[in-house]
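A.B. asks: Okay, here's what each chain looks like letter by letter:
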Amino acid sequence: ETGVTQTPRHLVMGMTNKKSLKCEQHLGHNAMYWYKQSAKKPLELMFVYNFKEQTENNSVPSRFSPECPNSSHLFLHLHTLQPEDSALYLCASSQDLGSTVYEQYFGPGTRLTVT
Amino acid sequence: GQQLNQSPQSMFIQEGEDVSMNCTSSSIFNTWLWYKQDPGEGPVLLIALYKAGELTSNGRLTAQFGITRKDSFLNISASIPSDVGIYFCAGQLGYALNFGKGTSLLVTP
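First to last, the protein sequences are chains Y and V.
Under the numbering used here, the residues of the first sequence are numbered 33 to 147, in order.
Under the numbering used here, the residues of the second sequence are numbered 503 to 611, in order.
Same shape as in the complex, but just chain Y (with noise of 0.2 Å):
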């Protein structure tokens, strides 16, 4: 597979449910993005990673957590949502946070569902 993946790509869960979002990219890049978009706001940058460590947290909840094991793999564990957490979540990846080639690539993103 090329560029980058993400799973599940729908997903419905309870409140009280944990689950978790899985982002893979095949293109040897070291830093990797989450997104949260919302209908009729721009793109929301959650969180960043460069080289497995976590360079922002933009002030996401914490029923939210990152973890970013390696640089080909970013994961967003989820616990006890709002129905407000519903909307489109985005990884992407660029080369690093040193580079001068600023381009993000993007996965297609996993439509969360909050009931």
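Accuracy of the hints is not assured; some may be wrong.
As the list claims (entries may be wrong) - Derived pair list, reagent style DMTMM-like, types lysine to aspartate or glutamate, alpha-carbon separation capped at 20 Å: (1) V:K553 <-> Y:E135; (2) Y:K68 <-> V:E543; (3) Y:K68 <-> Y:E56; (4) Y:K51 <-> Y:E99; (5) Y:K73 <-> Y:E116; (6) Y:K73 <-> V:E543; (7) Y:K72 <-> Y:D117; (8) Y:K54 <-> Y:E76; (9) Y:K72 <-> V:D540; (10) Y:K72 <-> Y:E88; (11) V:K553 <-> V:D540; (12) Y:K68 <-> V:D540; (13) V:K572 <-> V:E556; (14) Y:K73 <-> Y:D117; (15) Y:K51 <-> Y:E116; (16) V:K603 <-> Y:E76; (17) V:K603 <-> Y:E116; (18) Y:K51 <-> Y:D117; (19) V:K603 <-> V:D540; (20) V:K603 <-> Y:D117; (21) Y:K72 <-> V:E556; (22) Y:K54 <-> V:E543; (23) V:K572 <-> Y:D117; (24) Y:K73 <-> V:D540; (25) Y:K54 <-> Y:E99; (26) V:K603 <-> Y:E135; (27) Y:K68 <-> Y:E88; (28) Y:K72 <-> Y:E116.
Hints listed in this document are in silico derivations from the structure and should not be mistaken for laboratory results.
Chain Y is already provided as a structure; the job is to place chain V on it using the hints.
C.D. replies: Same frame as chain Y, now just chain V:
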């Protein structure tokens, strides 16, 4: 993040027409990127601009990095039905990308 104003919010055009959309900011950016997002998919990178004044083409798409570094525009020539989607601009400062709200493009045959 820095706020980007993207316009128009939506466009409804006929196949074959040319399209123009732009993005402005009160802040200076070092890089401008343009993405297209199809329904149910993630954004796909169309064009990256790295120098003020730079004009870059990708097939029927042409984008320019404004000379003030505070704006960018994207043109699509001779639109076709598969151009339908949402087009996002993104400005880069540091390692973060700041995204506009998108321009929704509808093309009728």
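A.B. asks: A separate judgement is required for each hint: does it hold in the structure or not?
C.D. replies: Hint check:
1. Between K553 (chain V) and E135 (chain Y), the direct Cα distance comes to roughly 14 Å. Compliance with the 20 Å bound is thereby established for this hinted pair.
2. As the CA atoms of K68 (chain Y) and E543 (chain V) are separated by approximately 13 Å, the hinted pair is consistent with the 20 Å bound.
3. Our distance criterion of 20 Å between C-alpha atoms is met by K68 (chain Y) and E56 (chain Y), whose separation comes to about 17 Å.
4. Proposed proximity of K51 (chain Y) and E99 (chain Y) is supported: the alpha carbons are some 13 Å apart, at most 20 Å.
5. Restraint check: the Cα-Cα separation between K73 (chain Y) and E116 (chain Y) comes to about 13 Å, which is no more than 20 Å; the hinted pair holds.
6. Proximity of K73 (chain Y) to E543 (chain V) is assessed by CA-CA distance (about 16 Å); at most 20 Å being required, the pair is judged to hold.
7. Between K72 (chain Y) and D117 (chain Y) the CA atoms are separated by roughly 15 Å; this keeps the pair inside 20 Å, and the hint holds.
8. A C-alpha spacing of about 18 Å is found between K54 (chain Y) and E76 (chain Y), which places the hinted pair at or below 20 Å, so the restraint holds.
9. With a C-alpha separation of about 15 Å, the suggested pair K72 (chain Y) and D540 (chain V) falls inside the 20 Å cut-off, and the hint holds.
10. A C-alpha spacing of about 24 Å is found between K72 (chain Y) and E88 (chain Y), which places the hinted pair above 20 Å, so the restraint is violated.
11. About 28 Å separates the Cα atoms of K553 (chain V) and D540 (chain V), which puts this hinted pair outside 20 Å; it is violated.
12. A distance of roughly 16 Å separates the Cα atoms of K68 (chain Y) and D540 (chain V); the hinted pair therefore holds under the 20 Å criterion.
13. Taking the CA atoms of K572 (chain V) and E556 (chain V), the gap is about 13 Å. The hint holds against a cut of 20 Å.
14. For the hint pairing K73 (chain Y) with D117 (chain Y), the CA-to-CA distance comes to about 13 Å; that is within 20 Å, so the pair holds.
15. For the suggested pair K51 (chain Y) and E116 (chain Y), the alpha carbons sit about 16 Å apart, so the restraint of at most 20 Å is met.
16. Taken as a hint, the K603 (chain V) and E76 (chain Y) pair is honoured in the structure, with Cα atoms around 11 Å apart against an allowance of 20 Å.
17. Between K603 (chain V) and E116 (chain Y) the alpha-carbon distance is near 19 Å, which keeps this suggested pair within the 20 Å criterion.
18. Under the criterion of a C-alpha separation no larger than 20 Å, the hint pairing K51 (chain Y) with D117 (chain Y) is consistent with the structure, at around 13 Å.
19. Taken as a hint, the K603 (chain V) and D540 (chain V) pair is honoured in the structure, with Cα atoms around 15 Å apart against an allowance of 20 Å.
20. Taking the CA atoms of K603 (chain V) and D117 (chain Y), the gap is about 19 Å. The hint holds against a cut of 20 Å.
21. Distance hint between K72 (chain Y) and E556 (chain V) is unfulfilled; the C-alpha atoms sit about 30 Å from each other, more than 20 Å.
22. Proximity of K54 (chain Y) to E543 (chain V) is assessed by CA-CA distance (about 16 Å); at most 20 Å being required, the pair is judged to hold.
23. With a C-alpha separation of about 32 Å, the suggested pair K572 (chain V) and D117 (chain Y) falls outside the 20 Å cut-off, and the hint is violated.
24. A C-alpha spacing of about 16 Å is found between K73 (chain Y) and D540 (chain V), which places the hinted pair at or below 20 Å, so the restraint holds.
25. Taken as a hint, the K54 (chain Y) and E99 (chain Y) pair is honoured in the structure, with Cα atoms around 10 Å apart against an allowance of 20 Å.
26. With a C-alpha separation of about 18 Å, the suggested pairing of K603 (chain V) with E135 (chain Y) holds against the 20 Å cut-off.
27. At most 20 Å may separate the alpha-carbon atoms for a hinted pair to count; K68 (chain Y) and E88 (chain Y) meet this at roughly 14 Å.
28. Proposed proximity of K72 (chain Y) and E116 (chain Y) is supported: the alpha carbons are some 14 Å apart, at most 20 Å.
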